[in-house]
Structures are given as C-alpha cells and as structure tokens.
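*Asks:* Listed below are the residues making up each chain.
Number of protein chains: 4
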Amino acid sequence: MKIIIEKDYEAMSQHTCHILLGHMSQAKRVNVCLTAGRTPKRMYDFLVESVKDKSYYRNVHYYSFDETPVFTPEGVRIKGDNQSQLEALFFKPANIAQSHSHFLSETNYETFPQEIELAGGLDLMLVGIGEDGHICANMPESTQFNQLVYAIKLTDEFPWNAEYQKSLNGNYSDYMYTLGAKSILKAKHLIMIANGEEKADILKQALEGPISEAIPASMIQLHPNLTVITDDKAGAKLTLTNLG
Amino acid sequence: MKIIIEKDYEAMSQHTCHILLGHMSQAKRVNVCLTAGRTPKRMYDFLVESVKDKSYYRNVHYYSFDETPVFTPEGVRIKGDNQSQLEALFFKPANIAQSHSHFLSETNYETFPQEIELAGGLDLMLVGIGEDGHICANMPESTQFNQLVYAIKLTDEFPWNAEYQKSLNGNYSDYMYTLGAKSILKAKHLIMIANGEEKADILKQALEGPISEAIPASMIQLHPNLTVITDDKAGAKLTLTNLG
Amino acid sequence: MKIIIEKDYEAMSQHTCHILLGHMSQAKRVNVCLTAGRTPKRMYDFLVESVKDKSYYRNVHYYSFDETPVFTPEGVRIKGDNQSQLEALFFKPANIAQSHSHFLSETNYETFPQEIELAGGLDLMLVGIGEDGHICANMPESTQFNQLVYAIKLTDEFPWNAEYQKSLNGNYSDYMYTLGAKSILKAKHLIMIANGEEKADILKQALEGPISEAIPASMIQLHPNLTVITDDKAGAKLTLTNLG
Amino acid sequence: MKIIIEKDYEAMSQHTCHILLGHMSQAKRVNVCLTAGRTPKRMYDFLVESVKDKSYYRNVHYYSFDETPVFTPEGVRIKGDNQSQLEALFFKPANIAQSHSHFLSETNYETFPQEIELAGGLDLMLVGIGEDGHICANMPESTQFNQLVYAIKLTDEFPWNAEYQKSLNGNYSDYMYTLGAKSILKAKHLIMIANGEEKADILKQALEGPISEAIPASMIQLHPNLTVITDDKAGAKLTLTNLG
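Protein chains in written order, with our numbering: chain W, 1 to 244; chain C, 1 to 244; chain L, 1 to 244; chain D, 1 to 244.
If you are wondering where the hints come from, they were derived from the structure by calculation, not from laboratory data. Among the hints, erroneous ones may be present.
Stated by the list, open to error - Residues from chain D that face chain L, not an exhaustive set, calculated with beta carbons under 10 Å:
#, residue
1, 182
2, 187
3, 210
4, 219
Stated by the list, open to error - Stretch by stretch, here's where chain L covers chain C in the computed footprint (C-beta under 8 Å, at least three residues):
#, region
5, 23-33
6, 220-234
What the hints assert, rightly or not - In silico SDA-like links for lysine to any residue, alpha-carbon gap of 25 Å or less:
#, chain 1, residue 1, chain 2, residue 2
7, D, 7, W, 95
8, L, 28, W, 146
9, L, 188, W, 118
10, C, 2, W, 121
11, D, 188, L, 147
12, D, 188, C, 113
13, W, 188, C, 3
14, D, 7, D, 41
15, C, 188, C, 102
16, D, 188, D, 144
17, W, 28, D, 128
18, W, 188, C, 188
19, C, 28, L, 232
C-beta: ideal position from N, C-alpha, C; glycine also.
So here's chain W without its partners, still in its complex pose (with noise of 0.2 Å):
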C-alpha cells in the first residue's frame, strides 16, 4: 500500500491524473474503470484538458463499475444514475468514442466481469470511498465479499435505502449493480481518493481496521498494489506508513 497526502484537494487531483496519464501513456491497449461522484471532479477537469481530441490515447478504453437504473413513477426507465454522471464528468467533455465507452447496466451487469477479463483485465481501477465505507455500491452489510457482481435488491432493510429514494425526486429504483470484492481485487492498480474531513475516520477505520464487510472498503487492504491519494484533512488521522 502506497499512501499519498497532498496538501489539498487541487494537488490531489492533479497527481491523481497524472497517475492515470502515466498508465495511459503505454503503447497498448489500457483498460481504465472510473467512479463519479463528488471527489474525482476536479480530477476530471485536469484529465478532460489531457485526453480530449488526442489519438494517441485511442488504447484507451473505459469502464464504469456500478449502476442504478432509475424509474419515472409510471415505470419508465431513465438512463442509469452513474452513467449520466460519468458522461457529464468526463466521457463527453473528453469526446470519448462509444465504442471505448464500456457501462455496466442492469443488461449486462452478469457478463461484464467476463467481458473485462476477455479484454486482458483492469489496468487502473479509480475508486472513492463512503463515510459508510461503502467502495463501488459495495454498501455496508449488502454485499458479501465472495462474488463478481453484485444485483443489490433496493429494499427499506437497508437503513440508507429511504434516504435514498427520497433523493430521487419522485423517481425510484429497485436495484443496484455493482462489481464486487473479487473484481475490484483482480485490477492491477487501485487507487482510491478522498478528500475533506468528513472522510478522514472511515478513511483510517478502512486502512487500518479489521477486513471486514461491515466496511466494505476494508477489502482494499488485500489489494496487491494499491495506492490511497487524499487531501491533507481526509488522510489527517492515518498513522500507517507506506511499508506493506
């Protein structure tokens, strides 16, 4: 495990891209799943002004990780929730061909795991982190460690799943997909990011704790070459060094 503290959010997320630059930078087809969400925004803004228009990052294809489809309340469906983020973040700003555009969805989430493996694997994985410690829609106590993929059935069980559909505006979903423990293992390099304070105790709970599906993202201490890039407030109360 390799532990970066940058001084803030800015340097975090330029080095953050420069570590993806370096991975694209090969001279083969690099394989590189992405998150959404709040924390890689300002990341993607660094990486949109390097990828855009630029052919010599044509062997790069890219990989999202989960998905909830979402519904009007007459049942119709509405493009799934982490798609329409990556597009806004990044796939669009950088004109990212489809056809390297490569989104898990309710139709395909029992194939893809199989679909990276016949692509030769994940080179990059960019994850973030919950202050529940969920990694991926991995969520606490919904999925186990033991499989590829995960179809999470969206039910009030959940103590976050109320909470959850009330954001969705009057919409709803009944599932979430996402890949789970063992394939965010098989990536070749995991970096996970996080920022602010409000990261800083399940960043150390998750680093330094036990292993444990409670907190999902405690998996990642199994990963074999992981790198954790945060600012200076969510990495503030890791005592880790970086041997092991």
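Got chain W sorted already, so can you dock chains C, L and D onto it with the hints?
*Replies:* Coordinates of chains C, L and D only, in the frame set by chain W:
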C-alpha cells in the same frame, strides 16, 4: 478462479509440477514460494527429477512461507520444522544453491515480505489447505487478514496447541511465523493443491463459502489469479464452475 | 535467453508441452500463438491429450501467425495451408471451439495485429526455425524487421519460390502473409523449438551470430523473454550460456 | 508505438514527468532507468519538485545506462561523466538515497544487466536520441544489437572520437560503457524524448526507416511498449500514425 480436478493423486501431482515448470522456464528471474507437508510429496518427486542439476533453472529463487522453530527441553533451538521438511522434500535432492534458497524464520520474518518485494515479488506461490481451514500457518482465529506477516504465540488458548506440542516428542515451540493474507494475495499466480476425501468438505467451504478469518483459506477466493488442483476425492464436492 | 537442450525429440516435445500448460493453467484469459510444421508434431500429441475436452482451459484463445492461401489452376481458393495443418495437428483433435480459434488470413492480416492487441496481447508464442533462417513466414530477404505484418508477393525473385510452387501439386500461391518482427517481439514469452542435426548450424547462427534481416530468426535474440528448446542434435553446436 | 507530439518543450517535459510519476506511484518496487543530457533538463525540474523528500517514493530504484570515465593527463580518474550529470540534474536536488542509486561504471558493467534482472527488471527506461542516431552510448557502428552491455574502446577509428576527446579540456577517456539493444528492449516501458528541429530528421529516420546498426536508435521500433514524446519541432517530420 480455475479449478482442475484430476483423476488421482498422481495426475494431480504431475499437473502441478508442469505448472511450476511452465513459470520457471521463462528467461528472467522467477520467484517461487513453496509448501511443505504431505500433499505436495509426489509433486516434489517430479519436480526434483526435472530441476536437479539443470543450470537452465538458475534463474529461479525459492522461498518458504512459514516456520515453527523447535526447542529442546533445555531451550536449544533445533532447525525449523518447515525448513527441515522443505530441504528433505526438495532443496537437498534437487541440489538447490543456498543463495537461491530463502527461508522465513524467527530472525527475518519482519523483513521477509520486504525482501520478497525488493526481489520483484513472488511469481508463483504453492499452498495447501488444512482440514481446519488453515493456509500457510494462518490457523483459524490465530491471525487476521490485515498483515503481511504474523508471529503467533503458541498458547493453550488455541485448541490445537496441546496436540501440536505433544507431536514434538518432548521438544516444544513457542511461536509460529507465517506470511499473512496481504502477502499471499500479492503472489502473481497462486496455486492451491489438495488431495484425499478428508479435504473435500473444507475445500468446498473455503472456495464456495463466505470469506472469513474463521476459515483462513477462504481468503484465496480474493486472489486475482488462482488455480486449484485436486485429485478426484478432494474436489468431489465442488459445484463451482470456473467462471470468475 | 534461456536455452534448454533435451536428450531427444521426445523429451523436448514433452518439455515444450509443459511450458504451454503452465501458462494456460492461469485463471485469466491466455492468448497462445502456435506454429505448424514438422517440429511440433509430437508436442501436439501431448498437448491434445492434456487439453481435449477440458473445460478448465476455456480461458485460452489460440492464434496462428502466418498463412499461404493456395489456389487451384482455375483460381479457386483452397483452405490456407497453415490453417489446414494446425487444424489437423491440434484444433480438431483437441476439439477447440471456433470462437477460440483465430487464424491469420489474406482477408484479416492487416487488422490481425490490432485484434491481438485488443485482446490483451499474446502471452505465449511458439515458433520454429527454418534451415534457411526463416521464422514464421519471414523468409530471408523477403521481409524486414520494421512491420507488424507482411504480405509477401511470391515471385521468382525469391530463389525458394519455384520449389515451393512445385510442392503444391499443380496448385499455386500468389502471396504469403506473416506476422513480422514487431509482432513477434511483443509476445510476452517467446518459445523457439528445433530438432534434428539439420537445424544445428542455423540455430547457432541465429542465436549467436549478428542480428540481420538475412537471417530473420536472428531477431529473436532481441526478445526480452525467450526460451529455446532443442533436442540434443539441434542444440549440439550452441556455445552460449544462459546469461543474458 | 505511441507518438506524442506536444506543443513545446515545456509541455513535453511535463508530460514525460507525469508518465514517470504514474509508474512510480505504484505500491511495489519500481526500477527506473534515466538519461542525462540536454533533452531531459526541464523534465528533471518537474521531477525533482515532485519527488524531493517524498517518503512515498522510496519504492523506486534508479539506474543509469551508460558511463564514460574521464582521466586527467596524469591518469587520475575523475568521476564518470554520466554519473556527474545525473547527480546534478536529479539525484542531488531530489535527495535520492545512495542505496536507491545504481550507476553503471567500468567496475560493474559486466554484471550490471544481471543486477537489474535480479531486481525484477526495469519498469521504465527513459532515453534520448543523438543527431547521429545514437541511443544510450550505442554510437553508430560502435556496437551491434546482440549484447546486453558493451565496452567501447575509444579510438580514432570512430570519426566522433577526436571531437569528444577535445571536449574534455585536457583530460581523456579510453572506454565508454553502455547497455546494448538486448538490455534496452527488456525495459517494460521505453520512453524516448526528443526536442528541437535538429532532431527532426534523425527521429524520422529512426522511427520510420529500416532497423539498422548504422542508426542504433532504430532498434526501438522493435520495443513492445514504446512511447515517443517530442516537442513540435522534433516531431515535425513524422508521418507515422500510432497504429503498431
């Protein structure tokens, strides 16, 4: 995960040997981590025959993954149990140079993971599984998943300790040392071997059940490049396909 | 470079098979590029026995590296010479699925290197060597080292063409297609096999002499992970140690 | 081969630095081989800023690839020309530990390729190109392509020797030492940088012309993972696309 169920112990041993030779036959440094015990005995017969005095395998370095130092009642250290076994099974009959033999011990265990790292990491790790679900010397409830290496104090808190000490014929051990999950999951190719019907239940549980520190071997489900080779009996209860 | 001189053709064939199986036994997509010809015949006997109907090898995809389409005097295309050979030697007896069989031909040769690239590259490439120093269908002076793939017009400028056309029993060929040095050097592990005393001189020249387009096989000296396996006769004149 | 033509020397230097950081940011030993000379000067400014005193880069080991020992007229050895340059450009300002600095010299050149091999090989190698087509210290007609390392006796048979000796201000050199093609092609990622219009012709010739020992840099066409980064002037005459 790839599961190979061979028709008998002989076929399983040959197949395992061939996989090892496949890696070792590359033209670059190859680091191989080997298991002692009963399961690999026949495999070592084949390996010794292929490797003995062959200068073209001098690119290979060998590592062990655990050790239990044994002491006489007077406190004199007898050579480590695991090293003694490995030397008898492989290192002596195959004439492996000392400079290519790297044994974990009570004096180097803290830096052993780093020694492996500095040598480019393990290309291949061969492990067995205990009927109690142990892997390397990660005994049930004696280690967690979040360290590279463990020193386990042998006390009667562990239900298996009394019997173990009895097996030492008047001698005793105070500590066991073993690579942990974080090291095992770093090997580029992990091979688990198992034979005999007494391994069928635990193998099914480890490969198809939940991932839990109560069954340390269950961690291998998370390995990105895992091959399991069994005879017909140990593999008899597996229902897994090879997908994932 | 690693050089393995076995005691006879049988031992060389078995050893080569074991190296292939070692790679194929990994738990991820493995791309293997195979040679036809006389040299690998016995190796395919062993390989077919190990691979036939084994579902645990369905992670393997197979590629060919050259082709010479043959035409009747009336201009009707007969199945490619190389594909026919490979099917007889391996693909048919081993029951390899068509979806896992990728043959270079006159219709796909321009995009074949890219097809390989998009599938993650070749993990293993098995080649022979001709008495004239050819490798794949890179004949002396018919190709250079600076392309991924070549279409070679078969004219009598090439001293070997007349004899080749004669061997086709009244049929004829107008072009040969072959992966070139740039593709061959991309394979992650390159294995050259040679047997018989008639190969001893050219093997020595290719491995120990200058690197030159006059001896196309000499290019393999530049491969970063090359294993050469011979019987006692083909390897008899090599003076190289395995260093480097 | 990937070709990246940046808008100027500043952009090319930054981009090169980012690729290096991308590799170095992995959580495992990373071996980087660096070039001295004029071309990488600005790149080192950026690299020093990113690397200086950063404990999270202590997984990186640095290597040089050539050396020309310099002697006073009295025969007293002055520190190697290349080591001195690299120390001034990078090792001293970035405070790189001596234990992580590996310089090729007249005393270790014969075992230097093996030292690299035993450390897991080079993950990244950064090279420039000379106007005469040299790469590392492989000068035209002074080395071939078939060795890991060369000791080149500096005699006036080489047309460039007189001028070189003159540049040493009354001192002299008798030998140059350099990694050869076989070592250069083993690096897992090879990056060539070039700037200025005086490099445009030779770069085109090296990348698009025949592969020949008369233009030693032409060997890089054979590298399986090559990235070329130039400013607008050095890349101005390239007609290559990035395919292949």
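*Asks:* Which of the listed hints are broken here?
*Replies:* none
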